Amino acid sequence: MSVPSIQVDHVWKKFRKGEMHDSLRELIPAVAKRLVGRSPKRDDLGNREFWALQDVSFEVKRGESVGIIGPNGAGKSTMLKMLSRIIKPNRGSYRVNGRLSALIEVGAGFHQDLTGRENIYLNGTIIGMSRKEIRSKEQQIIDFAGVEEFIETPVKRYSSGMKARLGFAVAAHMEPDILLVDEVLSVGDAKFRQKCLRHMRSLIESDVTVVFISHLLDQVRSLCPNTIVLDHGQVIYKGPTDGAIRKYLDALGDDNDGKVAGHYTDVDVSDIRLRDSEGKEVLELPSRQPAVITFDLTLHRPLQAARVLINISDLGGTYIGTVNSKAHGLVIPETPGKYHMRFTMDPMPLADGDFAFRMTVMAGEGQPVCVWAAPQPRVISVRGSDTAGGVILCDGSWEITESAPSSVVA
Amino acid sequence: MRALVHITKEVYAYRELLLSLTYRNIRVKYKQAAMGILWAFFMPVLAICTGLVFRVAMAVVGGHPLRLADVVGVMVKTVPWLMFASVVGGASNSLIGNIGLITKIYFPREVMPLSALLAALFDFAISVVGLTLILAVLSLVTDESVSPIVLSVSMLWVPLLLGTLLVMSAALGLALSCANLFFRDVKYIVQVVLQFGIMFSLVYFSYEEFGQWGWVLLANPVAPLLEGIRSVMISGEMDPFLLPWIGYSAAVTLVGLFAACWAFERVEYLFAEYA
Chain U
1 MSVPSIQVDH
11 VWKKFRKGEM
21 HDSLRELIPA
31 VAKRLVGRSP
41 KRDDLGNREF
51 WALQDVSFEV
61 KRGESVGIIG
71 PNGAGKSTML
81 KMLSRIIKPN
91 RGSYRVNGRL
101 SALIEVGAGF
111 HQDLTGRENI
121 YLNGTIIGMS
131 RKEIRSKEQQ
141 IIDFAGVEEF
151 IETPVKRYSS
161 GMKARLGFAV
171 AAHMEPDILL
181 VDEVLSVGDA
191 KFRQKCLRHM
201 RSLIESDVTV
211 VFISHLLDQV
221 RSLCPNTIVL
231 DHGQVIYKGP
241 TDGAIRKYLD
251 ALGDDNDGKV
261 AGHYTDVDVS
271 DIRLRDSEGK
281 EVLELPSRQP
291 AVITFDLTLH
301 RPLQAARVLI
311 NISDLGGTYI
321 GTVNSKAHGL
331 VIPETPGKYH
341 MRFTMDPMPL
351 ADGDFAFRMT
361 VMAGEGQPVC
371 VWAAPQPRVI
381 SVRGSDTAGG
391 VILCDGSWEI
401 TESAPSSVVA
Chain L
1 MRALVHITKE
11 VYAYRELLLS
21 LTYRNIRVKY
31 KQAAMGILWA
41 FFMPVLAICT
51 GLVFRVAMAV
61 VGGHPLRLAD
71 VVGVMVKTVP
81 WLMFASVVGG
91 ASNSLIGNIG
101 LITKIYFPRE
111 VMPLSALLAA
121 LFDFAISVVG
131 LTLILAVLSL
141 VTDESVSPIV
151 LSVSMLWVPL
161 LLGTLLVMSA
171 ALGLALSCAN
181 LFFRDVKYIV
191 QVVLQFGIMF
201 SLVYFSYEEF
211 GQWGWVLLAN
221 PVAPLLEGIR
231 SVMISGEMDP
241 FLLPWIGYSA
251 AVTLVGLFAA
261 CWAFERVEYL
271 FAEYA
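Taken in order, these protein sequences are the chains called U and L.
Residue numbers for the first sequence follow this note's numbering, so the first one is 1 and each next one is one higher.
Residue numbers for the second sequence follow this note's numbering, so the first one is 1 and each next one is one higher.
Worth double-checking, as some hints may not be accurate.
Unchecked claim - Distance condition first, Cα-Cα at most 30 Å in a straight line; then the derived DSBU-like pairs of lysine-lysine: (1) U:Lys156 - L:Lys104; (2) U:Lys132 - L:Lys187; (3) L:Lys104 - U:Lys14; (4) U:Lys132 - L:Lys31; (5) U:Lys137 - L:Lys9; (6) U:Lys132 - L:Lys104; (7) U:Lys88 - L:Lys187; (8) U:Lys61 - L:Lys29.
Since the hints were made in silico from the structure, they are not lab data.
In this text the structure is predicted, and so the values were computed from the model without any measurement.
Required output: the full structure, derived from the provided sequences and hints.
If you want it as structure tokens, here you go:
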């Protein structure tokens, strides 16, 4: 194995909250100091400063594609900006071996008054292509973006989708050794997104190193075998993407923990367990088998019309369905006490994949209010459905009969 | 020195970007303008006419007729001054005007002010063509004895002086472009100074006209260069009095260039964070 494409070694980066300087009077000496390099504590955290990245280390091998996920403000974009040399770390170092291209914001270099074609050249040279290179790819770029008809029209008359497509097309044709992608695959319509994903896959297959940032967990999973999870500027996980996604959802949950969970004094839910049809606790659900969820519900005071809801969504956040105890005809007693509950889903209608289950307890007639919510979703894997894809099982029965054989021949 | 070498190398590596941005700057300026390329003449003509107003007033007060040498002097100094002003003005706004790019994409930042400089040079080239035509017409209509310009070997001074002026404007533009990112009021200061600077750079007057106070205006490092140009164009030889002053301008330019490159390099990595 050759040198890694990216090596990040104990990198720290701090940012400042609020304005940099308040007045010209304090500003000039401060800048003078910075210029002379005698700024007192460049590496330590000063007043109003915070670490956007703390002691981040990782390595990306040549040809590998790695995802970076994490809650908002975790430092993902800071990381990419640093790798693309826009900002420098305060401590630590990093190395990038190879020609790097960053898809940070497509079309950032477009000039509104120039035509599509002129902007291809402008944007192309901005991201580091030579004019010769652009000339040889020009037609490909135009075709990819699907803007042939408007190529001599100033970009200001383009729709936002067209602009985004053109921007992506230029950047995607750069042929870098290393590609950094930050949330740009959400441009254009569904068809164009598919095209982008296909293009990304072909890049990955052609040995390009890819670092991919996205909140669309499905995209990350489909493109990157390994993923890094950042939270509050720290690497909290490095490894296979499925594990990363669980860790990420945990991190999202932790954020709510202190704020939301503490409020629920009326109800407690504990000992939530996932079981198979025999009652054995499992971590992974076999598809087409009944699934059982058991838990203890404690009512600390009388509650009217309490019901348990379980929201199911995929890891990309798409809502799939809700289990509702009231709709199933279950009446939860109003009197305080501890109840053991058991829900059987038979048949369990999910296809292969990971799903987030989030339990809530609602109570009250008319406008029910939330009296308890799980601090974090529980990620459940479903395996063995043997379907072609998708989220739900589409089971059914088939029949085939021969219809009037003689008439076909005639 | 190291900073200058580094900047030169980086700009060379990104020369295609430099050209692309220059093309954009020029194209955008002339694209949706009703006057189109006439814009390149509008400013110099107006500025020269302003100078002629001063010269006429001076002639009336001095009780002598308007001399052709004075008129030509105003012309040959106004055009380089406008180049200086448009380089400094354009370059100092170049980073802030492209902040969207700077915070998102890496490229050597000095490419921005330099492309503003090249775009200003394009305008300058157009003015020079216009000026040459005017001077040619003037020498045709006037008789030999009062020829507007004297062609001589001393004319070789002109590219040298223009080059120094250009480097000076580049240094200033480089420094101001980053100052502009950190302090927003720099923009207005530059604008005002450039607007009135023409009066303090011996564009409309010559140092002799200020008698013993001429040195005060020559202390502005732009002034000796412009005066040098006037001297060789009108008289065919360099005024020896100006030589030390030109040396002074060159020294200021050189020091300024090193300082600007050094400062630019020092703060370059902060652009994306603080802008």
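Here is what the structure says about each hint:
| no. | hint | verdict |
| --- | --- | --- |
| 1 | U:Lys156 - L:Lys104 | 20 Å, holds |
| 2 | U:Lys132 - L:Lys187 | 37 Å, violated |
| 3 | L:Lys104 - U:Lys14 | 18 Å, holds |
| 4 | U:Lys132 - L:Lys31 | 25 Å, holds |
| 5 | U:Lys137 - L:Lys9 | 27 Å, holds |
| 6 | U:Lys132 - L:Lys104 | 24 Å, holds |
| 7 | U:Lys88 - L:Lys187 | 27 Å, holds |
| 8 | U:Lys61 - L:Lys29 | 46 Å, violated |
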